[in-house]
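First to last, the protein sequences are chains A and B.
Going by this note's numbering, the first sequence opens with residue 6, and the numbers climb by one from there.
Going by this note's numbering, the second sequence opens with residue 206, and the numbers climb by one from there.
A few of these clues could be false.
Unchecked claim - The calculated label-pair distances, taken between Cβ atoms and stated as ranges, are:
1) A:154 with B:272: 53 to 61 Å
2) A:154 with B:716: 35 to 43 Å
3) A:125 with B:688: 37 to 45 Å
4) A:51 with B:407: 38 to 46 Å
5) B:262 with A:125: 52 to 60 Å
6) A:122 with B:785: 20 to 28 Å
7) B:721 with A:39: 50 to 58 Å
Bear in mind the hints are in silico, worked out from the structure with no lab data behind them.
It should be emphasised that the depicted structure is a prediction, and the values quoted were computed from it without experimental measurement.
Where a beta carbon is used, it is the ideal one built from N, C-alpha and C, also for glycine.
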Amino acid sequence: MKRAQRPIAFTLNGKRVSLRVHPMTRLLDVLREECGLTGTKEGCGEGECGACTVLVDGQAVNSCLVPVAQVAGAKVVTIEGLKGRHPLQRAFAEHGGAQCGICTPGMIMAAAALGPRPTLGQVRTGLAGNICRCTGYEGIYRAIKKAESRSKKPEARRQETAPTIAPSKARTPNPESRIPKAGTQRAR
Amino acid sequence: MSRAVGRNVVRKDGAAKASGRARYVDDLTRPGLLYARTIRSSIPCGEITRLRLAFDASGFTVVDARDIPGRNVVSLITDDQPCLADRQIRHMAEPILLLAHEDRERLLGAAVEVDYLPATPVLDAERSDRVFKHVAITKGDVDEGFRRADRVIEGEYRTGHQEHLYIEPNGMLAVPENGGVTVWGSLQCPYYVHRALAVLLGLPDDKVRVVQAETGGGFGGKEEYPSMIAGHACLLALKSGRPVKLVYDRVEDMLATTKRHPAIVRHRTGVARDGRLTAMDIDVLMDGGAYCTLSPVVLSRGCLHATGPYRCDHVRVGGRVVMTNTPPNGAFRGFGAPQTLFAIDVHMDRIAEALGMDPARLRELNALRPGDTTATGQVLGRDAAALDVLRAAVARGDYRRKRRAYRGTNRGIGLSLFFHGAGFTGSGEVKLQSKASLELTATGVRVLVASTEIGQGQRTAHAQIVADALGLPYDAVEVAVADTSQVPDSGPTVASRTTMVVGGLLKQGAAEMRTMLGHLTPAAYLRAHGPLVVTKQYEPPPGLVWDDETYRGSAYGSYGWACDVIEVERDPVTEEIRPIRVTTAQEIGKAIFPLGARGQIEGGTAQGLGYALTEEVVMRGGAMANAQLTNYIVPTTLDTPPMDVVLVEKPYAHGPYGAKGVGEMPFDGVAPAVVNAIRSLGIDLRQIPATPERVMAAPRIRDSRLRQAADRPASARQAGFGIRKR
Ligand code: FES
Ligand code: FES
Chain A
6 MKRAQRPIAF TLNGKRVSLR VHPMTRLLDV LREECGLTGT KEGCGEGECG
56 ACTVLVDGQA VNSCLVPVAQ VAGAKVVTIE GLKGRHPLQR AFAEHGGAQC
106 GICTPGMIMA AAALGPRPTL GQVRTGLAGN ICRCTGYEGI YRAIKKAESR
156 SKKPEARRQE TAPTIAPSKA RTPNPESRIP KAGTQRAR
Chain B
206 MSRAVGRNVV RKDGAAKASG RARYVDDLTR PGLLYARTIR SSIPCGEITR
256 LRLAFDASGF TVVDARDIPG RNVVSLITDD QPCLADRQIR HMAEPILLLA
306 HEDRERLLGA AVEVDYLPAT PVLDAERSDR VFKHVAITKG DVDEGFRRAD
356 RVIEGEYRTG HQEHLYIEPN GMLAVPENGG VTVWGSLQCP YYVHRALAVL
406 LGLPDDKVRV VQAETGGGFG GKEEYPSMIA GHACLLALKS GRPVKLVYDR
456 VEDMLATTKR HPAIVRHRTG VARDGRLTAM DIDVLMDGGA YCTLSPVVLS
506 RGCLHATGPY RCDHVRVGGR VVMTNTPPNG AFRGFGAPQT LFAIDVHMDR
556 IAEALGMDPA RLRELNALRP GDTTATGQVL GRDAAALDVL RAAVARGDYR
606 RKRRAYRGTN RGIGLSLFFH GAGFTGSGEV KLQSKASLEL TATGVRVLVA
656 STEIGQGQRT AHAQIVADAL GLPYDAVEVA VADTSQVPDS GPTVASRTTM
706 VVGGLLKQGA AEMRTMLGHL TPAAYLRAHG PLVVTKQYEP PPGLVWDDET
756 YRGSAYGSYG WACDVIEVER DPVTEEIRPI RVTTAQEIGK AIFPLGARGQ
806 IEGGTAQGLG YALTEEVVMR GGAMANAQLT NYIVPTTLDT PPMDVVLVEK
856 PYAHGPYGAK GVGEMPFDGV APAVVNAIRS LGIDLRQIPA TPERVMAAPR
906 IRDSRLRQAA DRPASARQAG FGIRKR
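All chains should be built: construct the whole structure from the sequences, respecting the hints.
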């Protein structure tokens, strides 16, 4: 028994896509299975690990918690949308930001959403919803710091093809799914 | 003249991981793919009396124990664990039945009814009479040692289960191919899986092919359990004749797969008035869970590290690992050593307290030095660096001053001194007979090993070693995918052995290849002489002798040495303990890839902080009751403090470029340093994790005893200052 499918259109990494899917399908599954973009990972499926982080209208969200219907008309950017050319990507690769790499795409998307030159405090708060079990986060902080200094160089600034990642006036698909990437430290 | 070793080259796997191109098992697919699901027991102990498929089975592939063509075991040490429970159930979430279907919704909707005849489970290790393994280590005469003691200090220390929580859950993709089967999976040990599949499926070795997909973390959790999952995926693939993907979700991964062994360690220690240890009597009990898996070796390593890095002439260590009706416990970073090192180093602080001594001084007095013998009679070489790391961490962490300054405040500071034997225990490396190959290519060389990249930097470190030994640029070295049809058996990727042991074989092979090449470039050599592959097999270094029966001899080829100084802050209302700062000095022989070594230390430390403080596996009725990331709390960015890492290098004569192991040691010392920091707050805690509930319930230490332990009391005014912001 197939679930009822509906048409949906949104912008994915700068390109318009139209699909027929059940509106409650997780954005994560649509990206990975319908769109073939497997860079976005599933670590928990319950909004806790951040491995599935993508940008929706410039804001970092956990795509495992977002029903695809809620990105209708929105701009979605995944790790593939950074085309390997974002300063954060090189910095993560070269400065110990990635070990096993499974958290890396989500980590980079969450870091990208922080905007230019975040303080360490902003980084720690902004990445609090992204778990890395390998690095102890220190390598990630170092990589983000390196990326800043690199992005100031003119050669790295010429990134016309890379999509804008600055937080825009956020249009939130659903208040619930707008996972507070900041301050998600769990009660204990 | 070394060009790659010791330099922060660009990780071989860095760009693929940062771009999202790296392919993990769940990213793979095949035409005609079936999804799979495991039906598991819902009781911890008993018998299956009836099983009924309560769904429309059209389009389903269903596998039970009767479908197994070979032997129904997950072949490892004792072959006691069935791949699918036949009748007997020995733990919760034990696999009973396998389902596959092309439509995931139908698969998830399929209901299977199982009736049981339950039996009374054994859930308490102390009540279990089924012993998987005993270990006994004796040195000198422990009674004589106690006669020489001025004081005898006793204590019992407890550690809990721990979940690996690699961010990528376990998974396998099995494809029927060439009259056999190929699996791609998230795994650490391709040849463990290979052997288990050959036994389970009754196939000859050349009909089974195991390929590592990019693996999103292992930490030991993908050492033995992947053999089970691969078996399940293959049974379904062979029965259906179609590709089958079996990927666990987080809850299933936490419920069903292995955990760190809980332990109870009892110490009785004789000390002379001046602080010298005269006798150590240690009793270790570990909970193995329902099947043997790797428990004997975990116990063995635990017992071999039970004295800590301390000298003592009279030692007795007795250990046992027992069966309980809980999911089997297995390999986890440190492999038994973290449990016993926790016990000894909290015990050391209690000894210091009893004697009114500075804990750092007590350790300095007793630390193993070059020329000393361990509990098994191993004579330590010049690279025994306990004193070096102790002094480095104590000075850099400003331990003594802060210990005084923090008195009477909610800040505490604690110390731990520890060591970790690299490579397989005892004669393990000899039995493994690991091989590593190098194949000349037109542009350089290809590394052929079964070692797996699980984030630790294996591809990078191996390429660095080969590049320098062969005199080629780092970029001219490729590292092949760990595919059993292409690479020799280099042994498992465990036990901090990948750089030291397998890297050592590669260095030898590269040196030999360099001689064969002479002045020729790789391309010129291939034109003149045709293909060239050099293979090296492990030979123990001279003088490395071990007796499995008596537990005498050289337990490990080399030891790394480390010291942690950890500062914590206690919330006076909630009793929550937060780590504030970590200073760690770690001696690892030689850092081949310094950035990677640092990453291992920082990551291992963070994982250790979770073990020490928050990672509580709540076992209820034999199952993990909090099998969700929501309520199993691992450290986030906000829970992980700044870390100051000092690398100390004292080359190991038989390691490549002097390298020892680094993967596990950083984990070992975190929990005791944290608990000792809590102790410095006057809280007598002897069990981890140090949750607020436990801290609240722990007895308070009489103030006079603590005061004795600090050289002089400090005014409260000093407290809280002198903490450098990162
Ligand atoms: S998969 Fe973990 S938050 Fe989405
Ligand atoms: S690099 Fe492995 S989880 Fe972050």
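Hints violated by the structure (listed by number, smallest first)
none
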